[in-house]
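Start from chain A and add chain B according to the hints.
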Amino acid sequence: MDRVPASAEQPAAAQRTLVLGSGVARAIREHARQAYPDECCGALIGSRGIASAVLPLPNVTKDGPRRRFLVQASDYRAAEARAQELRAELVGFYHSHPDHPARPSRYDLEHAWPVFAYVIVSVRQGEPMEMTCWRLKDDRSAFEQERLDGADD
Amino acid sequence: MANKIFIPTPLRTFTNKQDAVEAEGRTVGELLADLIAKHGDLRRHLFTDDGRLRQFVNVYVNDEDIRYLEKEQTPVRPGDTVSIIPSVAGGSDATVAEARLPALSNEEIRRYSRHLLLPEVGLDGQRRLKAARVICIGAGGLGSPVAMYLAAAGVGTLGLVDFDTVEFSNLQRQILHGTPDVGRSKLDSARERLNAINPDVRLEMFDTSLTSANALDLLGRFDIVVDGTDNFPTRYLVNDACVLVGKPNVYGSIFRFEGQASVFATGEGPCYRCLYPEPPPPGLVPSCAEGGVLGVLPGIIGTIQAAETIKLILGAGEPLVGRFLVFDALRMRFRELKLRKDPECPVCGSHPTIRQLIDYDQFCGITRAAVHPPEFETTAEELKAQLEGGVDVVVLDVREPQERVINRIPGSKLIPLGELPGRLQELDSAKDIVAYCRVGIRSAQAVELLRAAGFGRAKNLKGGIIEWIDRVDPSQPRY
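Residue numbers (numbering that gives the first Met the number 0), protein chains in the order written: chain A, 0 to 152; chain B, 0 to 478.
Some hints here could point you the wrong way.
In silico DSSO-like pairs for lysine-lysine, Cα to Cα no more than 27 Å straight-line [what the hints assert, rightly or not]: (1) A:61 to B:337; (2) B:3 to A:61; (3) A:136 to B:16; (4) A:61 to B:37; (5) B:37 to B:16; (6) A:61 to B:310; (7) B:3 to B:70; (8) A:136 to B:37; (9) B:337 to B:310; (10) B:383 to B:337.
Derived list of chain A stretches under chain B, where covered just means 3 residues or more per stretch with a C-beta under 8 Å from a C-beta of chain B [as the list claims (entries may be wrong)]: (11) 19-29; (12) 33-46; (13) 83-94; (14) 114-126.
Please keep in mind that the hints were generated in silico from the structure rather than gathered at the bench.
In this text, a Cβ means the ideal position worked out from N, Cα and C, and glycines have one as well.
For reference, chain A alone in the conformation it holds in the complex (with noise of 0.2 Å):
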């Protein structure tokens, strides 16, 4: 199981947060205890470090779902509607990882986009379990991780 490193050069206390705002957390995880076996995906909304809506998206990848997502280009772009709905901005994607670590795979890295935030939770036999958050570097070569606030929630 190959695991994707964390940036090292980055000082902790110079590490980027995520917050996530009130019922988040809690609707992320049951999503992804409802996928399991599956993998979940799904669109943060908010602003700028925030996350204060989620919009859970159909999976529709052909690659089998226990083990790829995919969120498809009509998807998305409901996904920035429904942001300017809120009056808000598509702040990134969360996906699960069932009876996987919550760290992002090489293929997680090859198909990211720059700017979002990436939240992965770890569901195993059915137990939604660790939330961690990453975003790519700009030059692609890896995830930097980042803190997550209001994941306990």
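Okay, now just chain B, sitting in the frame of chain A:
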């Protein structure tokens, strides 16, 4: 004439926060080229290293995806809006651990040209192969084609585990080794052959047997494990270790004219124990040395293992996860059995009871102590003395008829092992019986059988006819 390109949220940092940018061009391709000329940072997020639009970048002209139009040649007219809409994808597989893919030299690009031409490989895929670390357990029948094809394919680091020396009878199928290599360590011979195929491959040789003491450490250093072993204890050891360290196990096995292949221990897929929770009783399934094997068979199965390994590295196609391939060379038929992960599997199930490597010899019923007590055995010299001294001893040949044509102990009677239970009445329990086969393994079973049936004077010829030829009668051919 300028058209508007709508920029999605994640790319707006590179376009001065604008959500729409004007660009010039008559086709989508030209527009994108102009866009990148104006905002260079966009290039790496929109395009791969070899200039193709990334898979998850969707481009729409008005409301149609260019994939269903003319792709980048799609013409753009005044008033058309072009939108870049992301797909968002990710997953928890992919087997290469490194975040950075190594670059390829010009020479490597020439060497792997035929790979690079395949869309499923391409430059990215070949770099993934170069970054990959694969360990192959065994440099024999299965290990030979695996190692050779993985080296040819450009797998960056190849580990080989074997402690054996090359024997003459290996050459019928172990094509890593040649006639001049007989007597050399298999790893030395392998190193030369693999270096000749591809000197860029980093070889890590482990002149040891794989044991419960070293398996986790060894396998943990690689991304994928290829099982080319020839015995049950090691198969279970490899399987359990792969599950414990979380590495896929590309499995292959052969027997006479039949072969099997699958990919175990992938997390969501089954492991070897899901299929075979218990090993067969010792001696039931003969090794190649006892049962024989068609030389090309490990070539076929081993090459399949190499193909599966490459697919895992590339993330291409459909690997044999949850699929058990059974091959019959005589009938040239492939069958596939569906395998499911067993939720009760003691190693990879939801409540695993095996979290450490165990004693696999014990698990497979193989004890290191003498399999048979000394009074059940006689040696070639002792038998010779008995025969020359006129002692009334029945010499029983329990081999197959095709073996008997090659050589025999004079005066012996043939009852193949499989027929023995039904032909006991042909033997006299009051007499001394000495049973033999090729090397003494089948005949040991025969003696157990005979003694259990009341033939208290049955003994096994230690070392079989091979030792008889070596020590008593070298005029006969060995095989």
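Taking the hints in turn, this is what the structure says about them:
1. A:61 to B:337: Satisfied, since the Cα-Cα distance of roughly 19 Å is no more than 27 Å.
2. B:3 to A:61: violated (32 Å)
3. A:136 to B:16: Given pair residue 136 of chain A, residue 16 of chain B holds - Cα atoms ~18 Å apart, limit 27 Å.
4. A:61 to B:37: violated (36 Å)
5. B:37 to B:16: holds (14 Å)
6. A:61 to B:310: holds (17 Å)
7. B:3 to B:70: Roughly 18 Å between the alpha carbons, so the hint for residue 3 of chain B and residue 70 of chain B holds.
8. A:136 to B:37: holds (21 Å)
9. B:337 to B:310: holds (19 Å)
10. B:383 to B:337: violated (54 Å)
11. 19-29: violated (count 0)
12. 33-46: holds (count 3)
13. 83-94: Holds, because 4 residues of the stretch 83-94 of chain A bring their Cβ atoms closer than 8 Å to Cβ atoms of chain B.
14. 114-126: With 4 residues close enough to chain B, the hint holds.
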